[in-house]
Each structure stands twice: as C-alpha cells, then as structure tokens.
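Each chain sits in its own coordinate frame; assemble them with the hints.
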Amino acid sequence: MWFEWKVAVRFLYTGKLQTLLILAGIIIGVAVQIFLGSLIGGLQQDLINQTVGSSPHVMLMAEDALPRAIRISDSDLSRTVTFTVRDKGLSNWQNIVNSLEGDQELTAISPTITGSGFAIRGQKNQPIVFRGIQLDRADDIYKISSRLVEGEASVGGNNVLLGRELAEELNLSAGDTVQLRTGEGIQDRFRISGIFNLGNQDLNESWVFMSLSRAGTLLNQGSDVSTIELQIADVFASNQIAERLREAWPATTVESWQQSNEDLLTALQSQSSSSLVIQFFVIVAVTLGISSVLAVSVVQKSRQIGILKAMGTNRKRVGRIFLIQGFLLGAIGAILGIISGIGLSQIFVNLVRTPAGDPLFPVEVDPIFIGISFLIATSAGMLAALIPARNSAKLDPIEVIQNG
Amino acid sequence: MANQTIIRGENIHKTYGDVVKTEVLHGLDFKVDAGEFISIIGPSGSGKSTLLNLLGALDRPTEGRIEMADKVITELNDDELAAFRNNNLGFVFQFHHLLPEFTAIENVFMPHWIRNGAAKKEQIERAEYLLDTVGLFEYKDNLSTQLSGGQKQRVAIARSLMNNPPILLADEPTGNLDTESSEQVFDLLRKINEEFDTIFIIVTHDRHIAGRTDRILELIDGNIVRDMKAGSGKEVDNWELLAPDYCLLCREQQGEDTVLNRELARASQALFSKNNYHD
Numbered sequence: 169m170w171f172e173w174k175v176a177v178r179f180l181y182t183g184k185l186q187t188l189l190i191l192a193g194i195i196i197g198v199a200v201q202i203f204l205g206s207l208i209g210g211l212q213q214d215l216i217n218q219t220v221g222s223s224p225h226v227m228l229m230a231e232d233a234l235p236r237a238i239r240i241s242d243s244d245l246s247r248t249v250t251f252t253v254r255d256k257g258l259s260n261w262q263n264i265v266n267s268l269e270g271d272q273e274l275t276a277i278s279p280t281i282t283g284s285g286f287a288i289r290g291q292k293n294q295p296i297v298f299r300g301i302q303l304d305r306a307d308d309i310y311k312i313s314s315r316l317v318e319g320e321a322s323v324g325g326n327n328v329l330l331g332r333e334l335a336e337e338l339n340l341s342a343g344d345t346v347q348l349r350t351g352e353g354i355q356d357r358f359r360i361s362g363i364f365n366l367g368n369q370d371l372n373e374s375w376v377f378m379s380l381s382r383a384g385t386l387l388n389q390g391s392d393v394s395t396i397e398l399q400i401a402d403v404f405a406s407n408q409i410a411e412r413l414r415e416a417w418p419a420t421t422v423e424s425w426q427q428s429n430e431d432l433l434t435a436l437q438s439q440s441s442s443s444l445v446i447q448f449f450v451i452v453a454v455t456l457g458i459s460s461v462l463a464v465s466v467v468q469k470s471r472q473i474g475i476l477k478a479m480g481t482n483r484k485r486v487g488r489i490f491l492i493q494g495f496l497l498g499a500i501g502a503i504l505g506i507i508s509g510i511g512l513s514q515i516f517v518n519l520v521r522t523p524a525g526d527p528l529f530p531v532e533v534d535p536i537f538i539g540i541s542f543l544i545a546t547s548a549g550m551l552a553a554l555i556p557a558r559n560s561a562k563l564d565p566i567e568v569i570q571n572g
Numbered sequence: 200m201a202n203q204t205i206i207r208g209e210n211i212h213k214t215y216g217d218v219v220k221t222e223v224l225h226g227l228d229f230k231v232d233a234g235e236f237i238s239i240i241g242p243s244g245s246g247k248s249t250l251l252n253l254l255g256a257l258d259r260p261t262e263g264r265i266e267m268a269d270k271v272i273t274e275l276n277d278d279e280l281a282a283f284r285n286n287n288l289g290f291v292f293q294f295h296h297l298l299p300e301f302t303a304i305e306n307v308f309m310p311h312w313i314r315n316g317a318a319k320k321e322q323i324e325r326a327e328y329l330l331d332t333v334g335l336f337e338y339k340d341n342l343s344t345q346l347s348g349g350q351k352q353r354v355a356i357a358r359s360l361m362n363n364p365p366i367l368l369a370d371e372p373t374g375n376l377d378t379e380s381s382e383q384v385f386d387l388l389r390k391i392n393e394e395f396d397t398i399f400i401i402v403t404h405d406r407h408i409a410g411r412t413d414r415i416l417e418l419i420d421g422n423i424v425r426d427m428k429a430g431s432g433k434e435v436d437n438w439e440l441l442a443p444d445y446c447l448l449c450r451e452q453q454g455e456d457t458v459l460n461r462e463l464a465r466a467s468q469a470l471f472s473k474n475n476y477h478d
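Here the protein sequences come in this chain order: A and B. Going by my numbering, the first residue of the first sequence is number 169, and it counts up by one from there. Going by my numbering, the first residue of the second sequence is number 200, and it counts up by one from there.
It should be emphasised that the hints constitute simulated quantities derived from the structure, not laboratory data. It cannot be assumed that every hint is accurate.
[Said to hold, decoys possible] What follows is a list of derived Cβ distance ranges for each label pair:
| no. | chain 1 | residue 1 | chain 2 | residue 2 | range |
| --- | --- | --- | --- | --- | --- |
| 1 | B | E321 | A | Y181 | 21 to 29 Å |
| 2 | A | V177 | B | K270 | 32 to 40 Å |
| 3 | A | S547 | B | A233 | 45 to 53 Å |
| 4 | B | R264 | A | L185 | 21 to 29 Å |
| 5 | A | L185 | B | H407 | 39 to 47 Å |
For every residue, glycine included, the Cβ atom is placed at its ideal position computed from N, Cα and C.
Only chain B is shown next, with the shape it has when bound in the complex (with noise of 0.2 Å):
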C-alpha cells in the first residue's frame, strides 16, 4: 500500500533540565503512514516514553519538527495543542486512568464532552457501539472502580477512539494486565486497528508484544537504532531492516564493514530474537 504519511519527525532533540542538561533524545528523524501498527521499545531510559510524550502532544521537542496530521504541532501554543489531542489522539495509559467519579459510559463520553459538551443521540450510539467492540456493553452504566483492571482498560482503549482520531498512542497497555487480558487488549487493539484504519504506536518492554505488530522502532540511548517491518508470516525472523539512512546500526554496517561490526550486528540480532528480552 502507497499510505499517506500521517507523522512526520524530523530532527528531533529533546534536552531535560535548567542546570544540569541532559538530552534524552539525540535527533531522531522518522515517518509514520497512515493505518501503521508500530511499537517502540528499548529499555528504560532509552527515551520512548518522552518520545511518546511529544508524539501525544503533551510536550514540544527543544529542537526539531513535528508535524502530525496535517498540523506542525511544534508550531502550536498550549490551547491549540489540548485541542489537537482531543481531536486526533487516543491515549491509552498503562494505568488504564478512567475518572473513578464516572460510569463506564460517561468515560467514553468524556473526550466528546470536552469537544462539544453533552453527548446527543449519535454520540450515545457511538459510545455503545464502542463499548460493545470492547465487550462491556453491560457493563455501561457501572462506576469505573466497579471493573476489573482488564474491563477498565478496555473501557479506556473505548473512550481513546471515541472522538475518532487518526492516531492512537499506547504506554505499555498491557502492562498491568494478566496474560490472558493482554491478549485480550492486544488483539482488540488489532481489530480496531484493521477496522478504522488507526495509526497505533505501541510504546512497550515486551518483546512479546511488539512483535506481533507491523513496524518496531528500537530506542537505545535517544537514538533511534533500529527500524524494522515484520515481514510475511510475522516471524522475528523475517523481520527486514528498513531504509538504512534511519538506523544508526545500519549506518555503521555501511561505513566500515569491520569484522567487530559485523559480530555486533550480528549479537544485537540474536539476543533480540530471544522472546524473554528484558532490562
């Protein structure tokens, strides 16, 4: 498919700190089309989560280009961007964060309520339609503290696409959740995915995870050092490297094509496609 790209980095730094500046995230430069079902993962500190951050408009790189949807969003002042998240993103948090004061229904609500107040007919048949999808019509008139950690985060993946944006923005949502409700959350993120046509970027530490889905990008120090497409059959491996001038590593395999080089690659490759992959 010829996609659209829907994001668009371009040189992004971002620099932490008054006195003591650290930079976390060293210019990255990346692509998203639309429809892409992508994770991120590295190891912590490795900069995804402020990579994540600045991709749901919550805050602006030091240095650098944003531009997602058709919206340098680098370029907006703080009531713009609040008005950009809640038109064209969808945050699901690893703490599924429902407002504990609401129902089920009435968190689903919310991101329209902020758009354009109480909910009309459409909005309350969008809003069962989507609780449905995630399975806990039944359940829509319950307060939120009244669901279980896997029903709570589908509420929330419910409410994330209740504004229909084009992208939705995942911190380890399945992070909390036992086996068989990750799986659960996972493939109704991939239902969704296929049905509305929703960017997905998945930030997570599971390798698991990420390798169900179409696209990994590799954080290791703020750099972006490997960006990879599943290929056909989803085997790790035969997962292909993208486009050389992304990857650091693949960068360096062109330079020199050094023997230490080579057996460096070579070791990041294999440890990468053991499954039990942690920090």
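This is chain A alone, in the form it adopts within the complex (with noise of 0.2 Å):
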C-alpha cells in the first residue's frame, strides 16, 4: 500500500488547485451539516428539556370520574351533563408510593395536591395555583430550595413559597403574610417564608408551594393526595413507564408527557426529517463533486497511469491510488468541515442572542453525530472515487505509450 498512498499523495498535492476546490467543496458540505445537525439538535434538546425538565413526566391521579348523564326520562333522550370533577383523590397514595420507592427507573416521587385559588391583598386579586408538596421530593423535580430568590425553603405549618412573578405583583417579600383562599371560599393567612424563579413566567405567577398537609385541610382533600407526579430516567420511555403503571395500579389514571406533548413531539419529528434531508442532499452534492474531479483527474493523469502500468503495476493497486483520493479528499475534508462546522454554530450562539443577552438555546455538539458525519464523508469520498478507479484499471497502457 506504500506506493500507492505515495502516488495518490502525489497526485493530490500536485494537482494543488483541484484538491483545493474540491476540498473546500466538501468541507462547506460538512461544515452546513455538522451547523444544522448541531443548531437543531441543541434547539430540540432545549425544547425537550424545558419540557421534560422541571416537570413531571410521568403523573399518577384518581381514575377519571366520568361525565354522568341525566336523563329525565326515557323518552327524552339526552341532556349530559359534561363537568368532569376530580372529586376523589388518591386515597391509597401512601401504598403506591411506597411501592415505587425501589423502582430503578423513576429518579423523583412527589405526591402533590394541588387546587385553585386566590391570592388576595388589598384590592388586588390573583389566580393561584395551590401547590402542597413534600419539599425535599418536590425539590427532585422542581428543584426549589436552590431556586429560590429570597428567604428561605420551609413549607411547615402556615408557610408558603411564592413566585417571583406573583410576588411582584402583590408587591410582597419574603415574611410577610398574604391572605389566601380556595375555590371553595375557604381563606387563610400564610406567611410567605421564601420566593422562587422557577425560571417559567406562567408557574412563577401562580404557583404557590404549602405544606402537603396544610393543602390536604386547606382543599378539603382530608388524606388523599390529587396527584403522584414522577420523573423517570429515560424521558423517551415515559409510554412504557406509564403503561406499566397503569397495570400495576389499575384503579388510576396515568399519564406521560409523551402524550401531552404529542403534538411538540410531531414537530421535532418532522423537522429531524427535513434536517436530514438537507443533510442527505448535501452529501449527494459533495459525492458528485469529488466524483467529477476524480473522473478529471482520470483522464488528466492517463499518460502516468499508462507508464505505472507497463512498468508493472495491476489494474487493483491503479484502482487503489484513485480509491486513496477519495478517501484523503473525504477524510480531510470532513475534518475540516467539523472544525468550521463547531466553529460556525460557536459564532451563532454568541452572536445571535435574545433581547436579554442569553444564547437563545445551547447548541449541541454530539461526538456522535460528529463521527457519523465523519464516516459518511470518508465513505461519500471513497465511493465517489470509484466509477474513476474502475476507468483508471480499465486504461490500457499500449494506447498512451504509442501516442505519447
């Protein structure tokens, strides 16, 4: 293999303007691959994990009380009525919880009440949702203690935790007291012991965290819990997760954000597809580039592989010096497309920013997708390079002997 790296080495560097072009063919090629992969797998990767992040992935609740019809009599058909309240907790939660404990593939158990309500101050009135957690198994999910913003992480007894937003907007701060009440006109005053940013506008304007007891007499759930919400290893294996849960405790309602979110998932499904056919298509572009150059270079060095054959060199290791370009075309081309790739999507996150100065999302630099890319060049460069190693094994030597 020595002498035809040599002569394929050769051949390459002295033909210095057509590997340049070429290379700088395939290196935009992969570079606009390695940038797009990149861009859009760290935009989904930020979608999924705003999604998945800081939320549930899996929840268990009370099974489904069903709309009951009314019928007033046989012959008047029907008049349903369609509210559907959860009016039954999770009574048996402490059992289901304790069965999940050991489960290796849920990382965070958090039974959860939760209810609406009113925050109230002066004239000011404010939607609310009530929260009533175990800190330290919410903290798993939500992450609050090191969220906080001001005071301190403490639910007990007539504490509550509010968010930044709300928090503004009733102009409170952390120790003083706000009045609250229940959908059911049940009111109280709690005393505010922390403010949180969990980074979500929405949640931080009416989430307000209490005690699971205190929320359990405050909603007048007794007992009973309205929710186990879950967080799992896998995020992608939440439709498993949730199917076997719902075997193993058939009396409830399970679900994942897999369902939730089908329509967001749709999307990063569909543009993963685009993606690759724009990655697909480039890849065709940068074979067909190196293809034509080789079959140039064919025809342009037939007088040389005329004289390496009739000195004694077979049609395989002629075919192999053009086979050696286009894996050298590839290969370094693909490196160098990674570079300028990385250091595309490294401009665009520091150049294109929100109005606040932050990346818009992290671009994700997958070693993965890095060395499939790689592969595929290298393997693009190869096949390319042999419709023109067929031609060059093909050359017979008499005819560019005899005619010079």
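Next up, the structure:
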C-alpha cells in the first residue's frame, strides 16, 4: 500500500488547485451538515429540556370521574352534564409511593395536592394554583430550594413559597403575610417564607407551594393527594412506564409527558426528518463533486497511469490510487468541515442572542453525530472514487505509450 | 559466445479487430540470446510496434507461444504479466514518459516502489549510481519537468534499469531527440548492454541507429523478411544473413533461383545499404 499512498498523495499535492477546490466543496458541505445538525439538535434538546426538565414526566392520578348522563325521562334522550370534577383524590397514595420507592427507572416521586384559588392583597386579587408538596420530594423535580431568590425554603405550618412574578404583582417579599382563598371560599392568612423563580413565567405567576398536610386541610382533601408526580431516568420511556404503572394500579389514571406533548414531538420529528433530507442532499452533492473531479483527474493522469501499468502496476493497485485519493479528500474535508461547522455554531451562539443577552439555546455538539458525519463524508469520498478508479483500471497502457 | 536463449517466439500471430479482422503478424519465429543488442526495423504498419508490445508483455498474441526469462508469458494472467514486466523488463519509450509529479530520482525508484515499496539504503545507492551512469546525478532532486528532452530520456533509461531486468525494450528511444542527444543516448544504451549484459531490443526507423546494433530483424507486412548479424567492423556491407529458415526472402532464394528473385534480393540489399532509408 505504501506505493499507492505515495502516488495518491503526490497526485493530490501536484494538482493543488483542483484539490483545494474540491476540498472547499467538501468542507462547506460537511460544515453545513454539522452546523445544521448541531443547531437543530440543540434546539430540540432545549425544547425537550424545557418540557421535561423541571416538570413531571409521568403523573399518577385518581381515576377520572366520568361525566354523568342525567336522564330526565325515558323519552327525553340526552341531557349530558359535562363537568368532570376529579372529586376523588388518591387515597392509597402512601402504598403507591412505598411500592414505587425502589423502582430503578424512577428518579423522583412527589405526591402533590393541587387546587385553584386566589391570593388577595388589598384590592388585588390574583388567581393562583395551590401546590401541596413534601419539599424534599418536590425538590427532586422542581429544585425549588436552589431556585429561591429570597427567603428560605420552608413549607411547614402556615409557611408558603411564592413565585417571583406573583410576589412582584402583589408587592410582597419574604416574611410578609398573604391572604389565600380556595375556590370553595375557604381562606386563611399565610406567611411567605421564600420567593422562587422556576424559570417559567406562568408558574412564577400562579404557583404557591405549601405543605402537603396544610393543603389537604385547606382544600378539604383530607389525607388524599391529587397526583403522584414522577420523573424517570430515560425521558423517552415515559409511555412504557406509564403503561406499566397503569397495569400495576388499575384504579388510577396515568399520563405521560409524551402523550400530553404529542404535537410537540410530532413537530420535532418532522423537523428532524427535514434536516436529514437536507443533510442527505448535501452529501449527494459532495459525492458528485468528488466523483467528477476524480473522473477528470483520471483523464489528466492517463499518461502516468499507462506508464505505471507498463512498469508492472496491476489494475487493482492503479484503482487503489484513486480510491485513496477519494478517501483522503473525504477524510481531510470532513475534519476541516467539522472544525468549521463547530466554529460556525459557536459564532451563531455568540452572535444570536435574546434581548436579555442570553444565548437563544445551547448548541449541542454531539460527538456521535460528528463521528457519523466523518464516516459518511469519508465513505462518500471513496464511493465517489469507485467509478474513476474502475476507469483508470481499464486504461490500456499500450495506447498511452504509443500516443505519447 | 555460445549464449543461452532468453527469448523464444514460436509461430506468433496477432489479429486486431472483432468484426473486421486484420492479421498484423503472420506467424513469426525468432530467438534472442542473452546479451544481444538487437534492432527491429521496418516501415510503418509492418507490425514492429505490435511485436514490441508482445515482447513487452503488454499484449498477448492471438496465436503462438512466447517464452521469456524461463516463463511462458503467453500463459500468464494479467496480474502475473504485470509482475513479470516489473521484474524482467525495462522500458524506454519514444516519449520519455517520466511522471511529471516526481523528481528524477523518484522516477528512477518507481519500478522498485511498485515491487517492494519504499527504497532502502541499497536501492538509494543503486538509483544514485544509475543516475550517475547516465550523467545526471546532480539533477537527481529536480522535478522531471525541469529537465531537457535528452535528460529526460536518460532518466527514463536509468529508471528502466532500476530493477536490474534481463531484458530492456526501447521504442524509438532517440526518435524525439536531436542528433547530439541521440548519440549520447545510444552510446549509453551500448555501454549498459556491455556492462550489465542486458538484452536490448530497439524498435527504430533509423537505419543509422539500426546499423550500430549487433543484429537486425526487418519486418515487412507482418513477416520477418531479414534477420541479419553484424560482421566484423559492423560495416553494413559485411552483414551476413542468419540461418535461412528464418527468412522469407532467403527461403524464396533457395527455392527458386530465378533471375527475378535474384534481382529482387539484390535490389533490396542495395536499397538497404543506403543510410537514408525512409519509409
């Protein structure tokens, strides 16, 4: 192989302009591929992180109370009342939590009581969502303690935690008291022990955390909880896990994030496919480029090929000279293209920012994706060299020798 | 010298074309002994290049058998032929055919590279010695494109000797050179023939060049019409015809000693003795 490499490298080196042009083509192709792939990968990762990062992946709830049809008379056919009050809580939640405790696939288990109501201060009346939690368990999902902007993380007794926007709206700070009222009209005064920022304006405006037991009495739930919120290790296994839980606890309703975000996932999927299509055609263009340059090169070098054959280079080795050229073009182009692609995405991250000056989203540079890109470009180079290599192998040395 | 036979051709036919068949060689028989310095002459279309391609293991005869350097090359496959060329044959062409991408010494290395890969100390010394022999040692690191026509041809000769082949084939080696370079190149071939005992087979139009070789095979219309050996002093008049069974004209002379045939033979001999023979 030494001989074939030597000749291939020399052919590429002496055809500098051609080599540089086709290298530029490959570099641009691979850079676009890497840039596009990283951008879309990063965007999707970011969207998914936002969707599943600080939120439950699977939720276990009491069985839906079905809408009850009220029949006025036998002849009067339908008069359906469609309020679906989840009037029952999970009364056996303690058992469920205990049995889920050892599950390797789950990373967080947080029993929660939810309910709606209002926070009242003076004339102001803000709609809120009550979240009764066990702080250490809820922290596994929402990381409330580490996201406090004021005060301390404590939900014991009448202590509550408020979101930043809600506190601003009502002009409250840690240590103040606030009047909270449930949808059923029960109200009480609570002490604000801390103010959190969950990074989501909706939640910051409406969520109020309190202890599970206090929420139970306030919302008249007794010892039941509304939902058991779960996070899982492999976020894309949520449907399977939901299915498993449904079988284990038939009297519950189980929802996975993949079910509730089907639209988002479909959108991401089609985005991925269109990005793949673009990348595919980039590779096709690159392959055609290498192929045509090498085809021209075979014609240009036919004298040299003829003389090498006359001197005893067999067909296979002559073909190999061109395969090596294809490989080298593909590999060098891929390496430089990968570097440029990563550079491009870094420039993009640094230049394109939100009004606040943060990057729009982190650009994901996935080593596996880069490895695949490298392999594709390199094998495309060799594939492109196949036809020129075959043509060179077919070349008859006699013709070349006699015609100069 | 009772030399051993290195090349033996028996009943060699070569036909070109699939639909319209043209036979270019009509059953040639010949032998070449070690160390012979032969020229093949003949007008265009006489089949001398075809014969050289067959001897160069670049092509196969349609019929017949060629034995070279103890191998029946008509029975080898393509890869074996390539290896045979690499080990046993040196080529010098009318157009030097150096690789322009490589330096003079790299071109000389080429046959070794093809056979064994990178050159080691021994081969580097040999390549330098060969370049020195052709008088181009100081140009060894020049790209071949920087050399003159005669210099390129001398590098090509050095290259053809790199793998120490027993047989060297040259197609119009001086055809593209001026008189002075021609002389230089020819003298070099002669010197190598004597020094390395290499068989030289030179295809040429040039009667003058042919006259300075040891033996002349003349081809006309795909037949060997004369096979002559130089006499003492290598004067053209002293050329003696070799064994008559090789020679078509001789055979005819033997068969029917007619006035016409004698006249024909005399006329062709007279024509041949002139140096400015052109076709």
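Hints, verified against the model:
1. B:E321 x A:Y181: 21 to 29 Å: Since E321 of chain B and Y181 of chain A have Cβ atoms about 27 Å apart, the given range 21 to 29 Å holds.
2. A:V177 x B:K270: 32 to 40 Å: Given range 32 to 40 Å: holds, Cβ gap about 34 Å.
3. A:S547 x B:A233: 45 to 53 Å: Hint holds: Cβ distance 52 Å, inside 45 to 53 Å.
4. B:R264 x A:L185: 21 to 29 Å: 50 Å, violated
5. A:L185 x B:H407: 39 to 47 Å: 45 Å, holds
The structure fails to meet hint 4 from the earlier list, while all remaining hints are met.
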